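Quick note, the sequences are listed as chains A and B, same order. Here the first sequence is numbered in our numbering, starting from 135 and rising by one per residue. Here the second sequence is numbered in our numbering, starting from 17 and rising by one per residue.
If you are wondering where the hints come from, they were derived from the structure by calculation, not from laboratory data. Since this is a predicted model, take the numbers as computed values, not measurements. Careful, some of the hints might be misleading.
[What the hints assert, rightly or not] Within a straight-line C-alpha distance of at most 20 Å, the following computed EDC-like cross-link-like pairs (lysine to aspartate or glutamate) qualify:
#1 A:LYS136 / A:ASP195
#2 B:LYS152 / B:GLU141
#3 A:LYS136 / A:ASP202
#4 B:LYS154 / A:ASP222
#5 B:LYS154 / A:ASP219
#6 A:LYS136 / A:GLU221
#7 A:LYS136 / A:ASP222
#8 B:LYS154 / B:ASP113
#9 B:LYS152 / A:GLU221
#10 A:LYS209 / A:GLU144
#11 B:LYS154 / A:GLU242
#12 B:LYS152 / A:ASP224
#13 B:LYS154 / A:GLU221
#14 B:LYS152 / A:GLU144
#15 A:LYS209 / A:GLU242
#16 A:LYS136 / A:ASP178
#17 A:LYS136 / B:ASP157
#18 A:LYS136 / A:GLU197
#19 B:LYS152 / B:ASP113
#20 B:LYS154 / A:ASP224
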Amino acid sequence: MKYIALLYGEPGAGPAPGTPEFIRMLGEYQSATTAMANVGILVDSSPLQPPHTATTVRVRDGETQLTDGPFAEIKEQLGGYYILDCEDLDTALRYAAMIPSARYGSVEVRPVMVMGPP
Amino acid sequence: MVARLAGDLSLAEDCTQEACAAAIDQWPREGLPANPGGWVVAVARRRALDNLRRESARAGKEREAVREWAAAEPDGSAVAGDDQLALLFACCHPALDPASRVTLTLRVVCGLPTASIARLLLLSEPAVAQRIVRAKRKIRDAGIRLRVPDPGERPVRLASVLRVIYLTFTEGHSPHGISAVVRDDLCGEALRLAARLHRLLPDEPEVTGLLALIMLTGARSAARADEDGALVLLADQDRSRWDRDRQDEGRSLVEAALAQRRPGPYQLQAAIAACHADAETAADTDWRQIAALYSELLRFDPSPVIEANRAVAVAYAEGPTAGMAILDTLAASSRLARWPQLHIARGALLAQCGRHDDAIAAYRDALALEPASAVRRHISAQIAALGAAHAPIEET
Numbered sequence: 135m136k137y138i139a140l141l142y143g144e145p146g147a148g149p150a151p152g153t154p155e156f157i158r159m160l161g162e163y164q165s166a167t168t169a170m171a172n173v174g175i176l177v178d179s180s181p182l183q184p185p186h187t188a189t190t191v192r193v194r195d196g197e198t199q200l201t202d203g204p205f206a207e208i209k210e211q212l213g214g215y216y217i218l219d220c221e222d223l224d225t226a227l228r229y230a231a232m233i234p235s236a237r238y239g240s241v242e243v244r245p246v247m248v249m250g251p252p
Numbered sequence: 017m018v019a020r021l022a023g024d025l026s027l028a029e030d031c032t033q034e035a036c037a038a039a040i041d042q043w044p045r046e047g048l049p050a051n052p053g054g055w056v057v058a059v060a061r062r063r064a065l066d067n068l069r070r071e072s073a074r075a076g077k078e079r080e081a082v083r084e085w086a087a088a089e090p091d092g093s094a095v096a097g098d099d100q101l102a103l104l105f106a107c108c109h110p111a112l113d114p115a116s117r118v119t120l121t122l123r124v125v126c127g128l129p130t131a132s133i134a135r136l137l138l139l140s141e142p143a144v145a146q147r148i149v150r151a152k153r154k155i156r157d158a159g160i161r162l163r164v165p166d167p168g169e170r171p172v173r174l175a176s177v178l179r180v181i182y183l184t185f186t187e188g189h190s191p192h193g194i195s196a197v198v199r200d201d202l203c204g205e206a207l208r209l210a211a212r213l214h215r216l217l218p219d220e221p222e223v224t225g226l227l228a229l230i231m232l233t234g235a236r237s238a239a240r241a242d243e244d245g246a247l248v249l250l251a252d253q254d255r256s257r258w259d260r261d262r263q264d265e266g267r268s269l270v271e272a273a274l275a276q277r278r279p280g281p282y283q284l285q286a287a288i289a290a291c292h293a294d295a296e297t298a299a300d301t302d303w304r305q306i307a308a309l310y311s312e313l314l315r316f317d318p319s320p321v322i323e324a325n326r327a328v329a330v331a332y333a334e335g336p337t338a339g340m341a342i343l344d345t346l347a348a349s350s351r352l353a354r355w356p357q358l359h360i361a362r363g364a365l366l367a368q369c370g371r372h373d374d375a376i377a378a379y380r381d382a383l384a385l386e387p388a389s390a391v392r393r394h395i396s397a398q399i400a401a402l403g404a405a406h407a408p409i410e411e412t
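With the rest of the complex left out, here is chain A (with noise of 0.2 Å):
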């Protein structure tokens, strides 16, 4: 089963760039990176450009709008994403908790949707 691993945040939350626990950090995100790369369950994972740099597109009527910034007003953002393919929810878990955000905001994990043949 494939799981997308969502990691939010609030803006400036965990150690500040430049600061050691900042560069310790960024060791932990390649040790759990490495860890699921390791045991063959990482399918893809990436950070994100920061919230500002969004661009939201809906549709309506046929006419498409853009809005500036994230779709969701949330003190939390979207920082980046992991994509798991593992047997169970637990295992997704268990290397969900291994991502730093997990520490400094939260880590949501649901399963991707198996679309069938066309």
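With chain A held as given, fit chain B onto it using these hints.
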């Protein structure tokens, strides 16, 4: 057991249902097997194995499970006890919301009907059904595999597991919708599970407390019904029919638990049950101590049911008026208005205050909530007694 094998709840349920259907078909013809529960589990297991073999193109755990279980005891009797506890832990999965966890486990592992669960949790039946549907949907759609958790995963599930065992015992000790006062099968099941859990986690005082509570309360079972099967209240029970050995065992367990100085709701309820066990006659009961324990219990679990029990203890300790004041507040304000026991308690206290008409009205409120038939008989007897005592006064 079947879910552990299948790792898939709907498959496990389907297989269990098929096995029960096979039982209904075969048992009348071929006679009851020596171990009916084991028989059902064994047949359900076989069907689950067949299913899994069919589907085991999917690599991984299933095939392992098939191998592991194909080698296990064929009649299911040797492992059934352990397995039930494993299944409890498996079902109390932390990715389910806590309310759904308990509801689902009571339904699926303990086999309680939705109506009983609704009454135990003071919820409507549709609300219970919805919780179960929601939990099953999440298990299926989120890819939750029901498996026995590693020891490190147990603590977060323990509270739900204890609650499920407690509620199973509660249902066994005062069942709904059937004529018996006690359902020995459920009481026995809860006792067995609590004892197993205690062996697994001997230093967990709440586990010890729950086992003590079940022993101390269960020890009164034989005295809870009269020859006609009507409910006998604690005060009127023939205490010579209490199981004193079991009470002694329960008492030492609760003392050991409390000595660890990590009190909790099950230890406190066990302590209350021990107070009753200590009383040679109903009149010897230390109601002040019991009222104090209920106050302490409210700190852990501020529920109206416990407040109602405290009210009864206060009534015995300080007089019916003091207890009535608490019950009236509860009856006016909470969802407890749907709980027959509240009205039965009000009826008893009102009768003690000499307010016979009000007492009869309270008992009628309890009857309107359709309690179990043994309870209904008890209430009808009270109403009849009040009516008889009352009638001559009305004539004068």
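Q. If you draw a straight line from the CA of LYS152 of chain B to the CA of ASP224 of chain A, is it 20 Å or shorter?
A. Satisfied, since the Cα-Cα distance of roughly 16 Å is no more than 20 Å.
**Q.** Restraint check for LYS136 of chain A with ASP222 of chain A, where alpha carbons must lie at most 20 Å apart
**A.** Satisfied, since the Cα-Cα distance of roughly 9 Å is no more than 20 Å.
(Q) For LYS136 of chain A and ASP202 of chain A, compute the direct alpha-carbon distance and say whether it is at most 20 Å. (A) With a Cα-Cα distance of about 31 Å, the restraint between LYS136 of chain A and ASP202 of chain A is violated, given a limit of 20 Å.
Q. LYS154 of chain B and ASP113 of chain B: Cα distance at most 20 Å?
A. 10 Å, holds
Q. When you check the alpha-carbon spacing of LYS209 of chain A and GLU144 of chain A, does it fall within 20 Å?
A. Judged against 20 Å, a Cα distance of about 6 Å means the pair holds.
Q. Is LYS154 of chain B close enough to GLU242 of chain A, meaning Cα to Cα at most 20 Å?
A. With Cα atoms ~14 Å apart, LYS154 of chain B and GLU242 of chain A stay inside 20 Å; holds.
Q) Is LYS136 of chain A within 20 Å of GLU221 of chain A, Cα to Cα? A) 8 Å, holds
Q: Take the C-alpha atoms of LYS136 of chain A and ASP195 of chain A, compute the straight-line distance between them, and say whether it is at most 20 Å.
A: 34 Å, violated
Q) When you check the alpha-carbon spacing of LYS136 of chain A and GLU197 of chain A, does it fall within 20 Å? A) Judged against 20 Å, a Cα distance of about 34 Å means the pair is violated.
Q: Below or equal to 20 Å on CA atoms is what counts here, so check LYS136 of chain A against ASP178 of chain A.
A: 11 Å, holds
(Q) Next pair to validate is LYS152 of chain B with GLU141 of chain B; report whether the Cα-Cα distance is within 20 Å. (A) Roughly 17 Å separates the two Cα atoms, so the pair holds.
Q: Starting from LYS154 of chain B, check that the Cα of ASP222 of chain A is at most 20 Å away, please.
A: OK: LYS154 of chain B and ASP222 of chain A at ~12 Å, within 20 Å.
When the structure is compared with the earlier hints, violations turn up for hints 1, 3, 14 and 18 and for no others.
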